[in-house]
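Work the whole structure out from these sequences, hints included.
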Amino acid sequence: MKKIYYLLCGFIITLKINAQDKLTLSGYVKDASNGEGLIGVSIYVQEAKVGTQTNVYGFYSITLDKGSYTISTSYIGYAKQTIKIELSSTNITRNFELNEDSQILQEVVVSTKKEDDNVKSLEMSVNKVDIKTIQKMPALLGEVDIIKSIQFLPGVTTVGEGASGFNVRGGNIDQNLVLLDEAPVYNSSHLFGFFSVFNPDAVKDVKLYKGGIPAQYGGRVSSILDVRMKEGNSKKLEVNGGIGTIFSRISVEAPIVKDKGSFIVALRRSYIDILAKPFLNNELRDSKFYYYDFTAKANYRINEKNNIYLSGYFGRDVFGADFGFNWGNATTTFRWNHVFNNKLFLNTTVFYSNYDYALGTQRRDPNARDSFNWQSEIINYSVKPDFSYYLNPKNTITFGGQATYYEFKPGLATAKSAGEVRTFGAPSKFAAEFAGYIANEQKISNKLSLQYGIRYSYYQYLGKADAYNLEAPNGTADRRKVLSITPFGQNKVIQDYGNLEPRFALNLGLGSNNSLKFSYNRTAQYIHLLSNTTASSPLDVWTPSSNNIKPQIADQVALGYFYNFKDNNYESSVEVYYKDMQNQIDYVRGADLLLNPAVEADLLFGKGRAYGSEFYIKKNKGKLNGWISYTLARTERKIDGLNRGEWFAARIDKTHNLAVVGIYDLNKKWSFSSNFTFFTGTPASFPTNKYIIQGIAIPHDYYDERNTYRISNYHRLDIAATLKPTKKIFKKGQGEWVFSVYNVYNRRNAFSEYVRQNPDDPSKTEAIRYAVFGSVIPAVTYNFKF
Amino acid sequence: MKNKYSILLILFISGFLFSCEDVIQKEIRAGVSQLVVDAFINNLEEEQKITLTLSQPYFDNSKPTPALGANVIVFDEDSVAHQFVDLQKNGVYVWKPNARQKALNKIGKRYVLYINYDGQEYVSLSELKRVPKIDSLNYFGDTLAIRPQNGSQFGFTAEFFARDFQGEGDCYQIRAARNGKYQKANNINLAFDGAFSPGSKSDGIIFILPIRRSINPDTLALLQEKDTLQVDLYSITQETYFFMNLVRQESSNQGLFAVPSVNIPSNVVNRDEKSTKKPLGFFSISAVSRIKTVIEKSKAVKKPNV
Numbered sequence: 001m002k003k004i005y006y007l008l009c010g011f012i013i014t015l016k017i018n019a020q021d022k023l024t025l026s027g028y029v030k031d032a033s034n035g036e037g038l039i040g041v042s043i044y045v046q047e048a049k050v051g052t053q054t055n056v057y058g059f060y061s062i063t064l065d066k067g068s069y070t071i072s073t074s075y076i077g078y079a080k081q082t083i084k085i086e087l088s089s090t091n092i093t094r095n096f097e098l099n100e101d102s103q104i105l106q107e108v109v110v111s112t113k114k115e116d117d118n119v120k121s122l123e124m125s126v127n128k129v130d131i132k133t134i135q136k137m138p139a140l141l142g143e144v145d146i147i148k149s150i151q152f153l154p155g156v157t158t159v160g161e162g163a164s165g166f167n168v169r170g171g172n173i174d175q176n177l178v179l180l181d182e183a184p185v186y187n188s189s190h191l192f193g194f195f196s197v198f199n200p201d202a203v204k205d206v207k208l209y210k211g212g213i214p215a216q217y218g219g220r221v222s223s224i225l226d227v228r229m230k231e232g233n234s235k236k237l238e239v240n241g242g243i244g245t246i247f248s249r250i251s252v253e254a255p256i257v258k259d260k261g262s263f264i265v266a267l268r269r270s271y272i273d274i275l276a277k278p279f280l281n282n283e284l285r286d287s288k289f290y291y292y293d294f295t296a297k298a299n300y301r302i303n304e305k306n307n308i309y310l311s312g313y314f315g316r317d318v319f320g321a322d323f324g325f326n327w328g329n330a331t332t333t334f335r336w337n338h339v340f341n342n343k344l345f346l347n348t349t350v351f352y353s354n355y356d357y358a359l360g361t362q363r364r365d366p367n368a369r370d371s372f373n374w375q376s377e378i379i380n381y382s383v384k385p386d387f388s389y390y391l392n393p394k395n396t397i398t399f400g401g402q403a404t405y406y407e408f409k410p411g412l413a414t415a416k417s418a419g420e421v422r423t424f425g426a427p428s429k430f431a432a433e434f435a436g437y438i439a440n441e442q443k444i445s446n447k448l449s450l451q452y453g454i455r456y457s458y459y460q461y462l463g464k465a466d467a468y469n470l471e472a473p474n475g476t477a478d479r480r481k482v483l484s485i486t487p488f489g490q491n492k493v494i495q496d497y498g499n500l501e502p503r504f505a506l507n508l509g510l511g512s513n514n515s516l517k518f519s520y521n522r523t524a525q526y527i528h529l530l531s532n533t534t535a536s537s538p539l540d541v542w543t544p545s546s547n548n549i550k551p552q553i554a555d556q557v558a559l560g561y562f563y564n565f566k567d568n569n570y571e572s573s574v575e576v577y578y579k580d581m582q583n584q585i586d587y588v589r590g591a592d593l594l595l596n597p598a599v600e601a602d603l604l605f606g607k608g609r610a611y612g613s614e615f616y617i618k619k620n621k622g623k624l625n626g627w628i629s630y631t632l633a634r635t636e637r638k639i640d641g642l643n644r645g646e647w648f649a650a651r652i653d654k655t656h657n658l659a660v661v662g663i664y665d666l667n668k669k670w671s672f673s674s675n676f677t678f679f680t681g682t683p684a685s686f687p688t689n690k691y692i693i694q695g696i697a698i699p700h701d702y703y704d705e706r707n708t709y710r711i712s713n714y715h716r717l718d719i720a721a722t723l724k725p726t727k728k729i730f731k732k733g734q735g736e737w738v739f740s741v742y743n744v745y746n747r748r749n750a751f752s753e754y755v756r757q758n759p760d761d762p763s764k765t766e767a768i769r770y771a772v773f774g775s776v777i778p779a780v781t782y783n784f785k786f
Numbered sequence: 001m002k003n004k005y006s007i008l009l010i011l012f013i014s015g016f017l018f019s020c021e022d023v024i025q026k027e028i029r030a031g032v033s034q035l036v037v038d039a040f041i042n043n044l045e046e047e048q049k050i051t052l053t054l055s056q057p058y059f060d061n062s063k064p065t066p067a068l069g070a071n072v073i074v075f076d077e078d079s080v081a082h083q084f085v086d087l088q089k090n091g092v093y094v095w096k097p098n099a100r101q102k103a104l105n106k107i108g109k110r111y112v113l114y115i116n117y118d119g120q121e122y123v124s125l126s127e128l129k130r131v132p133k134i135d136s137l138n139y140f141g142d143t144l145a146i147r148p149q150n151g152s153q154f155g156f157t158a159e160f161f162a163r164d165f166q167g168e169g170d171c172y173q174i175r176a177a178r179n180g181k182y183q184k185a186n187n188i189n190l191a192f193d194g195a196f197s198p199g200s201k202s203d204g205i206i207f208i209l210p211i212r213r214s215i216n217p218d219t220l221a222l223l224q225e226k227d228t229l230q231v232d233l234y235s236i237t238q239e240t241y242f243f244m245n246l247v248r249q250e251s252s253n254q255g256l257f258a259v260p261s262v263n264i265p266s267n268v269v270n271r272d273e274k275s276t277k278k279p280l281g282f283f284s285i286s287a288v289s290r291i292k293t294v295i296e297k298s299k300a301v302k303k304p305n306v
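Chains A and B are the protein sequences, given in the same order. The working numbering numbers the first residue of the first sequence as 1 and each following residue consecutively. The working numbering numbers the first residue of the second sequence as 1 and each following residue consecutively.
Possibly wrong hints are sitting among the right ones.
Facing chain A, according to a computed beta carbon distance under 7 Å, are these residues of chain B, among others [stated by the list, open to error]:
{"no.": "1", "residue": "20"}
{"no.": "2", "residue": "21"}
{"no.": "3", "residue": "26"}
{"no.": "4", "residue": "36"}
{"no.": "5", "residue": "40"}
{"no.": "6", "residue": "58"}
{"no.": "7", "residue": "186"}
{"no.": "8", "residue": "199"}
{"no.": "9", "residue": "202"}
{"no.": "10", "residue": "206"}
{"no.": "11", "residue": "208"}
{"no.": "12", "residue": "250"}
{"no.": "13", "residue": "257"}
{"no.": "14", "residue": "258"}
{"no.": "15", "residue": "261"}
{"no.": "16", "residue": "305"}
Residues from chain B shown here face chain A by an in silico Cβ test under 7 Å; the list is partial [stated by the list, open to error]:
{"no.": "17", "residue": "31"}
{"no.": "18", "residue": "32"}
{"no.": "19", "residue": "185"}
If you want the ones that stay clear, here's a sample from chain B, every Cβ over 10 Å from chain A, calculated [as the list claims (entries may be wrong)]:
{"no.": "20", "residue": "102"}
{"no.": "21", "residue": "152"}
{"no.": "22", "residue": "166"}
Source of the hints: derived by calculation from the structure; they are not laboratory data. Every residue gets a Cβ at the ideal spot worked out from N, C-alpha and C, and that includes glycine.
And the structure:
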């Protein structure tokens, strides 16, 4: 902690030595129709030939010499605004309200950002997909899905359709920091992984950092998925809703005080259970199967200098009859934007996030002879100040910190057997994580800009907990012996770790429309998801780094060439990356990861590496737009005790990965879209031999190797059509029909291939291809807005 | 209870998620054949069998090749030798309790398996653990949530009652036979201190409900009037528990939540550590508690609350 303190002190001193002969122009940029802050709007000063961009709250600041200037805004899909400004004696605050450009169809916008951002910005390995594009893409069962949509981007994959989460550049799913208004979401899936937890009606902006991760982010080693919620219409009441195949949803937005504050509430719920109810007999009448999520946000502008935001998410999946299972996330975020002066912007975030599940007998009859209840939870509280200091047009300094307290409840169960009650499982664990960072974005010349920063993270594994002293790793895949257990009292530090995480990015302009970019970053991760299944299950438990589990550390370098052509209508990029991962986790044979207090004895450790190249071309404007992405990649693990200690392909490895997304707007009534995806089959293991014990065929791999085979290649085409009838519903507002077909040519794509005993004779054996979706899946959705 | 839960899952997975399974042909590498020891013996006054075969290519569904001409002896801790003999020359080596040698029933004592085959000596060690008495076997009238294709939606669900011994680490396997026919071999029901797994702090408990009811038909069916039901409770060592647990895992390791497949370690070793001929399989000795009943409607108990 001391290091962070000195770092910050040193920085504040440097802030004081600033020249005062310059003046600053600053303010917010908002959407004129609904008052939403606009992220990434370009503000350009013609006379000085310098510019800046609005931050995630729509705030901008630019410092100039005294004089008169012509300032223009530029943002795809919005009309340009140009104003004259006289900077003579005082700093000026100027807010902009941009109107959507009626000249172009709003719907064709693929990306809402500065037109030549792809080439000019320092960002590389970053993808942004506009929510309007996501809403246009064909979706499984017509349910618009952010997590599924980003899997069409280069470098992003999944272990198989229907699996929870996503994998970025060869990283495991727990290596992605999924942020909803800055609060981490621990499980981003409904129904085991078929749908994501984000309600598209409440989402404003989605940004994925696969590399070149800025210093303000930390805590996960592979990626940051930054999801920002809408603030709500501050001009007028707006209602959006829809009835889909799975969910029905509604959202309401309205001003609290016009132009000063607004809110949005959005609710989604699956309704198959309501439709099914009349068909269930007595035995199944009490069965439950539904999932829902509730998203809400409010913002209020106290004055020119202070804005506050309060946002929350609550979602739940509920399944079961006599025996039930439910899980879900909850997050609450409070944020305060404070403008100290025209140059210094502060956002302070305080959040609470939780993921929990419960399993057990449903009727809580206290007289029941037998019962079983099991609960697991992860809770964290965090405070996170982030400062932006717009020193001058050439330097923007960001600095800040974060403190997080974690409570892990891996799982406690209460079982009653014939009237006798026992409680067992793994007791709570506690941890604290602190971080401080400082970074500068510097324009060295018109051609060269740099971003350099450092983050220091410090972690403590805290009591009250038992520390397990295990025998040394023995190079086998067998459980280690617990040699002794040392109890630690409350808040006693059992183990601590600290990591310096350098971050660096460079943009070298090669011409007006192309550039070369390079980035390096080190990231550290102190909490880990223990999951040994192909697809992560809702039962998987997060566990803290400890005396036995070291933090995961990744170093990544990436080099890219970025090129825009046809007046920024097309943007393209080629990137190559190499990622080295330390302290990766794997599992002993027969690992017992649930309700096991000595779970650390069931873990194996090793390292990982991932490398590849990503090709991306995107068309931004016009009736036909979309993108093509291709990734050639490899990800491997080397785990002490597995595959005879040699490198093996990770379960998520895919050599080739191609995605094509096309959207065609025929006219104001009809638009069409289509996705095509192809990727190499994931690795699999097959036994060489079998033997029969007690009538059961047991597989045996004589060579004891992992993932030496591949399952068959995957490819799929989806299409969708959107119809906007001219006739209005409820006499105002508008409605639209979305017709979609998933897996158009009915391919039974393999999720996995495995061997099994013949169901009729367990001494006979066969190989099976398992497809999660073995048919064409059509769907119809109706959306409305008024 | 278990049935209803699985019905819901079936409902979701078949009707709703459109999943499907196809049998495919897969080219795999050839391995090397190894000696397989299938030696699960018990303390009953019955013929005891130890089967020796050779492992075969995974997709070869012919009968395994027997390992013939082996010398198979089980010693107890007092060095009493029990010679197992391959009477039918089919790799099944048998020994039957007789007037001179009684059943293998030295509870709490260790037993050694010795095999001499093809010039190699193999040994293994197991222990005859204590087994509790089964106190009762009850059944109650029950209804299936959905009507099965064959048979009745109505019938009986049975449960047995037994109590785990005091002292942590007692392991058991439960097998049930309906009308003389045992449950499917890969329907493996295990208990650790009366519950599912180690760490359950379930020492000394009455076996938990899912284990008590694991004795019912393994397909979607209920017991019917006049059915005979036999329940065998086997004591096993912790080593056997972990072995059978892995066998169970490898027997149903599929779908979204499959875990990476692993080789299951054997407790039989080649006496020559340097030899490349490593055996597969397992040696285990059990004490058995047994209870039998014939289902009669008049003797059914009231369905308990859960």
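**OP:** Could you tell me which of the hints above the structure violates, numbers in ascending order?
**Re:** none
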